[in-house]
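> Letter by letter, the chains look like this.
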Amino acid sequence: MDDPVADAAARRRKRRKRKTKPRCQPRRRRRRARGSDVDSLYAVDSKRRRRKAKRRVCRRRRRKPIRRPPLQPVPPAPAPSPPGAPPEFRLSSPVAVWSGPFGVREAERLLWRAGFGPSPGHAQALAGMGLHRAVAALTRPQGTETFSGAAPTDEDGNPLAPEDAWGHDHLWFLDRMVRTDQPLVERMTLIWHDWFATSNDGVGQQNLMLGQNALFRLHWLGSFDRLVHDVTADPAMIVWLNLDQNTRWNPNENYARELMELFTLGADRGAYTEADVRELARALTGWNEDWSAELGYHNFRFVPSRHDPGVKTVFGKSGAFGWEQAAAMCVRHPLHASFFVDKLWSYFIPVPPSAGDRAALERLYVDSGWQVRPVVEAILLHPQLHSGPRMVKPPVVFLAGMLRALRRAIDTEAWTWLCEGAGQYLFHPPDVSGWDDSRWLDTSTVRGRWELVGYALRGRELEGDALDDYDAAESPEQAVARARSFWGDPQLTAETASVLRAFAAAAVAGPLASWQQRTYRGLRQNALRHLLYFSPDLQTS
Amino acid sequence: MANCGCTEYSRAGRGLPGIEPGMPLPAGTGLTRRSFISRVSGLALSVYGAASLGPKAFEAGIAAAAAQAADQRILVSVFLSGGVDSLTLLAPTGHSRYASLRPTLAMAADQGTPFAEDPSLRWHPSVASLATLHGEGKVTVFPAVGYDDPNQSHFTSRHYWEVGEVNPFGRWGWLGRYLDRHGAADNPLQGLTLGWELQPSLAAQQVPVATVSRPDQYDFWSPGVWGAVHDRMLDAFGDLGEPTTSDGALRYARAQVEATATLRQQLQPFQSGYSTPPGVTYPNAEFGRRLAALAAMIEGGLPLQVVAIETGGYDTHSNQAQTLGPDLDEVSRSLLAFQRDLEARGLEDRVLVHVWSEFGRRPQENGSGTDHGAAGVGFVIGSRASGQMVGSFPGLQDAQLDQADNLRATSDFRGTYRALLEQWLGVDAAEIIPNASSFTAPTLVTP
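These protein sequence lines are chains R and P, in that order.
Each residue of the first sequence is one higher than the last, beginning at 16 in the numbering used here.
Each residue of the second sequence is one higher than the last, beginning at 109 in the numbering used here.
Accuracy of the hints is not assured; some may be wrong.
Heads up, incomplete: computed chain P residues facing chain R, CB under 7 angstroms, no partners named [unchecked claim]:
1. 289
2. 330
3. 342
4. 357
5. 371
Pairwise CB distance ranges (calculated) [unchecked claim]:
6. P:455 <-> R:479: 50 to 56 angstroms
7. R:173 <-> P:343: 40 to 46 angstroms
8. P:339 <-> R:105: 52 to 58 angstroms
9. P:350 <-> R:89: 31 to 37 angstroms
10. R:237 <-> P:212: 41 to 47 angstroms
11. P:313 <-> R:497: 36 to 42 angstroms
12. P:496 <-> R:313: 51 to 57 angstroms
Since the hints were derived computationally from the structure, they do not count as laboratory data.
Every value quoted in this text rests on a predicted model; they were computed, and no experiment measured them.
Just so it is clear, CB atoms sit at the ideal spot from N, CA and C, and this is done for glycine as well.
So that you can see chain R by itself, here it is in the shape it has in the complex (with noise of 0.2 angstroms):
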C-alpha cells in the first residue's frame, strides 16, 4: 500500500485499460489496394467484414510496439566555397544583390528555394558565412556528392531496387534530396526533370528513367545547350515524344514542337510557326532503338537510312539539318535567352523578373555560352529571394525537408503513394508541361501534404508511458514552444502561433479526470506537432 512504485505500475494498467478503445480508433492505416482482392472484400456483407478488418489492425497494433526509427545523422552543412574564403568574398552579379541582414531566417529560406530546407545546425551555418559564401557553398560546393546516415530501405529493411520495383525510383531520388551535402545539386536534378518532363507512364522503363536523371545531375549548373543536345539524345525522352517513330516516310511532330515550345523557346510568343514545327521533326528524324523482352528497350541509335537527308527550312534558315543542329538552332534562337531566363527564374522567385534585370540575365547567359552556374548565382543573390513574397514549397521539397528536419531515413514504400497524393510522384509528372507550380494546393493535396507530416511523425509520437507520464502542469505556451523546439524553430506567423496557441488551451479545456490531465497534454503535443508543420507558414517559404 505504501509502496510508490507498485501503486504508479497499478493507475498505469488501469489507465491502459481505459485508453484501449480510443487508442485503437484513429489508428487507420490507409493501405493500397491489391487489385480486385479488394473488391471482393467489400461486395459481400462490406459493413461487417470492414468492422472486423479494423478489429484485426488494432489487436496487431496492440501486440506490436510502435516502431522507433533511429535518428539519422546530421549531413554536412554546405561547406564555405573555395575552401578558407575571406568574409569580403563576392560573387559576380549584373543586377541588384540583397545587402539586408543575412541572418538564420533569410539562410533558411535560401536553404527551401535552393535545396531541400535546412537539417539541423544548417541555417546557423550558412547564416555565419554570410550571403555570397553561402550562396558560393551551395552553387560550387567542392569534391564529390556524399550521403549520410542510412542507406534507403523498404518497410521490411530491405535496399531498394530503383531500377525494377514500383516506386523505387521515386524513393531513391527522394533519399538522395534527405540525405546529400550538396543540396543543390539535388534541386537542380529536381528542376530540369519538370523542365524536360518525362514520365514513366509513357516509357515504362525505370532503367531509363534513371539514365536520364543521372544526365540532369551531370549538367546540373553546366551549359543549357550541352543538356538539350543530351536530351535530345536520351533514350527516356526518345521514346517519351516519339523520336523513335519519326522517321524520314513518316515523320511525327511530337518531340519538335515540344523542344521548341516547353524546352527552349515558348508557345505564343512568334518564336516560330507551324511549318518550323513540321521542318524541324524532318531534321530530328533517324532515331530507332530495339526491344527485347529480356531487355525492353535498348540500343538506342541514330540510323542514318531512317533520317531524313534534305534540306529543311527552319525559322527561315534553309540546310539539310540533322538532330544536333535543331537542337543547337533552338538554343541560339533569339528569343530562347528570354525564355530560359523566365523559366529559370520562377523556379526560385514567384514573381517575374523587371524587363531590365531580364536584359541583363539574357546577356549573362548568352555570353558564358549558355552557362546556367552564373544566372543561378545572380538569381539567389536576388533581393527578391530574400525579401519578396513566399513561394509554395513542391510537395517533394516539403516532404525531403521535413525528413531532414526528423533526421529520418527512406524507410518505407508509403513515400511513393503519399507524394502521389500530394501532387508530385517522381518520375511521373502530369504532362510534358511538368508540374504546375501554381497550383500545387487544392482540397485533395492539401490533404495529401496533412498525409505526409502525419506519416513523416509516425514512430515519433508520445504514447504508452511519455503520455502516463506527461507533465500535468505543462502551460499551452510551454506546450506550443515545445513543438516548435521539436520541429527546430521554424520560422512561425503571429496568426499561425495564434492558432496553435488556442488549440493548446482548448484541447485541456473542460473537467479532465487526473489521468487525463497528463494524457491529453501528451495527446496535445502529438497533434501540435503536426499541426505546426502542416500549417501554411511551413507549406510555403
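With chain R's structure known, arrange chain P on it following the hints.
Positioned in the frame of chain R, the structure of chain P alone reads:
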C-alpha cells in the same frame, strides 16, 4: 482568392496525363498509368461499384444541404485529354478522300453503325454506347467544333477551352467564373473536380472549389492523437486557414486549408460509402467509378453545381489502332451507365454532360497514328439534351480542309458555352464569356 495561382506565372493549362501512351509497356514494371492508379487508389475507388450502404445511411446528415440542392441543375464537364481523333469516333466513310488519308487506320464502310443525322458518317464500334444514346435522342453531336485560327499545342488549345476564350493569358476557368458570379463563399462542393488535381476550367478567383479523388475517404488521421483532442485538432486545422494576409502564396495556402476543412465536413456523411442502383453496371475502371460516385453524391443531396472530370491518353501519335478503341469503348460505356444510373435514380432531368477534347487530329495519318489537328468532336449528353447536331461535317477535300490540312470548325466552343450557361444554368453568358453575343448559341437543351 480561393484558387489563385500564387505566382505570376500561369502556364497555358495543366496538360495531359499520359500524354504519350507510346508502346504497350514491354519491360520494367509493366505498369500503365491506369493500372498504377488503380493500385494506388483502388481500395477506395473499388468501393464505388460495390453495393455497400444504401443512400439512407448518409441522407440524414446532409438534410440541410439537400434542402438547398434539391432542384439544382448540374453540369458535368468531361475532358478527353490529348486530342481525341474525331475521324475515328464518327468515321467519314462516305467521303472519297477518307481511305487515302487513312491508308492503315480507315474504318471499313460496313463497320460500326450509321449516324442518322449525316449518312456520310458512321459511329465506330467502340462508341456503340453513344450511338445507343443518340438513337434515344439524348446526344447532341458537334461533328467539327473548334475555333478560328486553331492552335496545335495541347497546352495552349486546352487552355483556351478551359478559360473559355482564345487568350493565352486568361487565368480563371470559365466554370470558375460562373461560380465567382453565382456560387457561394462557403461551399467548395459547388465546383467539384473528381480527380487528383484541380481541373483548370473550375479555377475560381473568389470562391472555394473542391478536388477530391475519393469522396468516401476524406478523413484526417494523426499519429498519437484521438478522442476529444483529435476533434479540437480538426477545429484548429480549419482555423489555420482563416487569417488574412497580404502575401499571395500564404493567402492561397490558407484559403486551400480552409476549403479542405469545409469539404471534410461536407463529405462526412459520405464516409460510410454508397451504392449503385441494381441493373446499372459501370466498366471497372477509374472513369466509370468516378461517375458512379458522382451519381450517388447527387442523389445524396450534396450541393454540387459544376463538376469536371478528365480522362486521358488520347494523344495517339503512334499505335492508334491498338490503343484508341479500348479507351473509347470504356469511356462511352461509362457515359451510358451514368445516364442509366441517373434514370434509375430519377435524376436524369437535373444533369447534363458536356464531352470535349482540346482538338481533333490531322486527317492525314502519320504511319501508325495521327498528329495534332484542329476541329474535333464534342457531345452534350442527357435526357434534356436537344439531340440535334450542331454544325455539319466540313468535308475532307483539299479545299474543305484548312491551310494546314486540318478539319475546319463548323461550330465554336464559345457558342457551346454560351448555350450551356443560358439554356442550362440559366444565367447571362455575357458576364462570363467575353463577347458571348458574337457567338451563335445552338439549341442544346429541350425546354
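> Hint by hint, note whether the structure agrees.
So, going through the hints one by one against the coordinates:
The interface hint given for residue 289 of chain P is broken, as the beta carbon of that residue sits about 21 angstroms from the closest beta carbon of chain R, more than 7 angstroms. Taking 7 angstroms as the C-beta cut-off, the interface hint given for residue 330 of chain P holds, the closest approach to chain R being about 5 angstroms. For residue 342 of chain P, the interface hint is violated, since its Cβ never comes within 7 angstroms of a Cβ in chain R; the closest pair sits about 10 angstroms apart. Checking residue 357 of chain P against chain R by beta carbon gives a least distance of about 4 angstroms; that is within 7 angstroms, so the hint holds.
The interface hint given for residue 371 of chain P holds, since its Cβ lies 5 angstroms from the closest Cβ of chain R, which is under the 7 angstroms cut-off. Remark: the range hint 50 to 56 angstroms for residue 455 of chain P to residue 479 of chain R is upheld by a beta-carbon distance near 51 angstroms. The hinted range of 40 to 46 angstroms is satisfied by residue 173 of chain R and residue 343 of chain P, whose Cβ atoms lie roughly 41 angstroms apart. Range check, residue 339 of chain P to residue 105 of chain R: Cβ separation about 55 angstroms, and the 52 to 58 angstroms hint holds.
At roughly 36 angstroms, the beta carbons of residue 350 of chain P and residue 89 of chain R sit within the given window of 31 to 37 angstroms. For the hinted restraint 41 to 47 angstroms between residue 237 of chain R and residue 212 of chain P, the CB-CB distance of approximately 44 angstroms keeps it satisfied. The hinted window of 36 to 42 angstroms between residue 313 of chain P and residue 497 of chain R holds, with their beta carbons roughly 40 angstroms apart. Here the CB-CB span from residue 496 of chain P to residue 313 of chain R is close to 54 angstroms, well matched to the stated 51 to 57 angstroms.
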